[in-house]
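Novice: Those protein sequences? They're chains L and S, same order as listed.
Mapped onto the numbering used here, the consecutive letters of the first sequence carry residue numbers 1 to 306.
Mapped onto the numbering used here, the consecutive letters of the second sequence carry residue numbers 1 to 315.
Hints are not guaranteed to be accurate.
[Stated by the list, open to error] Ranges between beta-carbon positions, derived for each pair: (1) A274/S with G183/L: 46 to 52 Å; (2) E177/L with T245/S: 35 to 41 Å; (3) S180/L with M189/S: 38 to 44 Å; (4) E277/S with L111/L: 18 to 24 Å; (5) L14/S with A271/L: 54 to 60 Å; (6) P301/L with V11/S: 42 to 48 Å; (7) V11/S with L182/L: 47 to 53 Å; (8) P301/L with L299/S: 28 to 34 Å; (9) L111/L with T245/S: 17 to 23 Å; (10) T245/S with R162/L: 37 to 43 Å; (11) R162/L with H202/S: 41 to 47 Å.
Just so you know, these hints were derived from the structure itself, not from any lab.
The beta-carbon is built from N, C-alpha and C at its ideal position, and this holds for glycine as well.
Spelled out from the first residue to the last, the chains are:
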Amino acid sequence: MLLFVEQFLNGLQFGLLLFLLAAGLTLVFGIMDLVNLAHGSFYMLGAYFAATFTALTGSFIGGVVLALAATLLVGMAVEVIAMRRLYRRDHLDHVLATFGLILFFNELVRLIWGPAGMNLTLPSWLNTSVEILPDVQYSMYRLSIIVVALAVAIALYLIVMRTRVGMLIRAGASNREMISALGINIKLLYTFVFGVGAALAGLAGLMQAAILTAQIGMGENILILAFVVIIIGGIGSIRGAFIAAIFVGLIDTVGRAFLPDLLKLALSPAAAATAAPALSSMLIYLVMAIILVVRPAGLFPAPGSR
Amino acid sequence: MMPALTLRNVVVALLLLMLFLVPVYAAVIGNNFVLSLFTRIVILAMAATSLNLIMGYGGMVSFGHAAYLGIGGYVVGILAYEGILSGFLQWPLALLVSALIAFVIGLLSLRTRGVYFIMITLAFAQMIYYVGVSLNRYGADDGLTIYRRSQFGDLINLSNKTVFYYLCLVLLLASIYLVWRLVNSRFGMAIQGARSNDRRMHAIGFPTFRYRLTCFVIAGTICGLAGVLLANHTDFISPAVMHWTRSGDLIVMVVLGGMGSLFGPLIGTVAFLALEEWLSGITEYWQIIFGPLLLAIVLFARGGIDGLLAGIRRD
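Generate the whole structure from the sequences, applying the supplied hints.
Specialist: Written out as structure tokens, the structure is:
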């Protein structure tokens, strides 16, 4: 029971991180019809920026704020320099161009920070554990990730659904010619959305960096998981991304934790020991395949999506 | 019919001549590196040719094509590890497994279009990559050394580097010929029709899903054969062969050479690996140049090298 609570919370925390990554991806796709493979690079940059700025300023919060601002700026710069020219192109062009950007950013990080990873050290007030249930201890830091990510998810929902900017974003997603004909500076809106998406990815990256380390290529494996989230949730839908992200996070974490024991019930211990790692890493892809057979456009396809 | 003497045909002819003379050149200067590099180029060109069949002619942008390189390679590697060295067994089995997996992936992925298709093929390839990583008996992450290449009795000795190179070259030309016959057949016309307008092809009575699936399986099988050759060439197989960046590299090769052109993937592979050799000679951080170069190619030279040679721009 105790292990289950802990694994459940870990899964929730991982799912919320996935949501932060997937939200930017699905916003950019829904509004600009752009596939951005380099989204994982912002995740990586966020982690490296946070490690550097925390060491420089000596304050964790200060480092995080500076890192978010820096990722936002890099994201907006990338949009102005490269992405802006790609909106009218087909998806293959997006894939190729952003693949080039990944190579560029990975090599740039290697050049600046060196090939070894970087550690992001937590302040002592985060590096403790709290009693969440009687006799159940849980990492304070992981708990705060859950709180921060949930707050961001709620804020994102309120901004998109309840504010003027959000209204423009939704309007831009359904008809971009019309919204620019009505006198909205669509270019500025795109740059802004792209930058915010980058900053969200950076936030996910820096939060993860304190658990693992900041390293080159860290964004790519999780990016593919974020793709799975978007496919399951339906491209362009934030609500779908949220539900699918939690779902994928839980399945992946809980599956890895309990599948070996479950398999031992059915198979010999030796066979279970070989099959479990393969099966638990395949699990979410199998789930994705099943969902696709039933609903090819995902669980919550965005209204008006192509 | 005599091919016309255009710049493009001359370049292709010279390239083929060069490929045939590589072992002679390597023997004269006594440098085995050149032969090894070109064996690699020829094998990857074969993989790129198979990707071009579905991506260039069929409009199916698969971002998981490197998976078949790994599948073909792992079948050879695992059989060799278990003591089955006969190529007469290894090779057909590798092709069969590649075809089966391509069939299953295609069956699920081809239900979707566009970006979904790109992401799903990527996700399935990643799944196969993780299966490779978790094969503890066969080296897991570190990969599997293949101590003896496939044995074909007295028929052909794959350990002879020159013989092996010519075998790869012949198989590459055979794949290009196969693709040429396919795209100019009724089947190929239906595939290209479905790329332009799937619904219309369907309406005039073509079972486009079946056609596209068949095309997807053929491409996966050819790429599986390239994987068999690659494993025999490097005497090694590891999950790194199936890493998603390898699939990206294959797409780059096809687009760099020219999508939907018969010899484009070959030209693109030669250009890609030559560029890699050249840039990594300039700086250790060569990808910092290569990445933006890729961006520039996408923005300014969409027809690839083949498009530049033919003097037309595809749209």
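Novice: Falls inside 41 to 47 Å, the C-beta gap from R162/L to H202/S?
Specialist: holds (43 Å)
Novice: Look at the Cβ atoms of L111/L and T245/S and judge whether their distance stays inside 17 to 23 Å.
Specialist: holds (18 Å)
Novice: Should the hint that L14/S and A271/L are 54 to 60 Å apart at their CB atoms be regarded as holding?
Specialist: Holds, since L14/S and A271/L (Cβ atoms, about 56 Å apart) stay within the stated range.
Novice: Determine whether the Cβ-Cβ distance between P301/L and V11/S falls within the hinted range of 42 to 48 Å.
Specialist: For V11/S against P301/L, whose Cβ atoms are near 46 Å apart, the range 42 to 48 Å holds.
Novice: Could you see if the CB distance from S180/L to M189/S stays within 38 to 44 Å?
Specialist: holds (40 Å)
Novice: Taking the CB of E277/S and the CB of L111/L, does the distance hold inside 18 to 24 Å?
Specialist: holds (20 Å)
Novice: Taking 47 to 53 Å as the stated bounds, is the beta-carbon spacing between V11/S and L182/L within them?
Specialist: The hint (47 to 53 Å, Cβ to Cβ) holds, given that V11/S and L182/L are roughly 51 Å apart.
Novice: Taking the CB of T245/S and the CB of R162/L, does the distance hold inside 37 to 43 Å?
Specialist: holds (41 Å)
Novice: Okay, P301/L versus L299/S on CB: inside 28 to 34 Å?
Specialist: At roughly 31 Å between Cβ atoms, L299/S and P301/L fall inside 28 to 34 Å, so the hint holds.
Novice: At the C-beta level, are E177/L and T245/S separated by a distance inside 35 to 41 Å?
Specialist: holds (37 Å)
Novice: For the range 46 to 52 Å, tell me whether the beta carbons of A274/S and G183/L fit it or not.
Specialist: Because 51 Å falls inside the window, the suggested range holds.
Hint compliance for this structure: no hint is broken.
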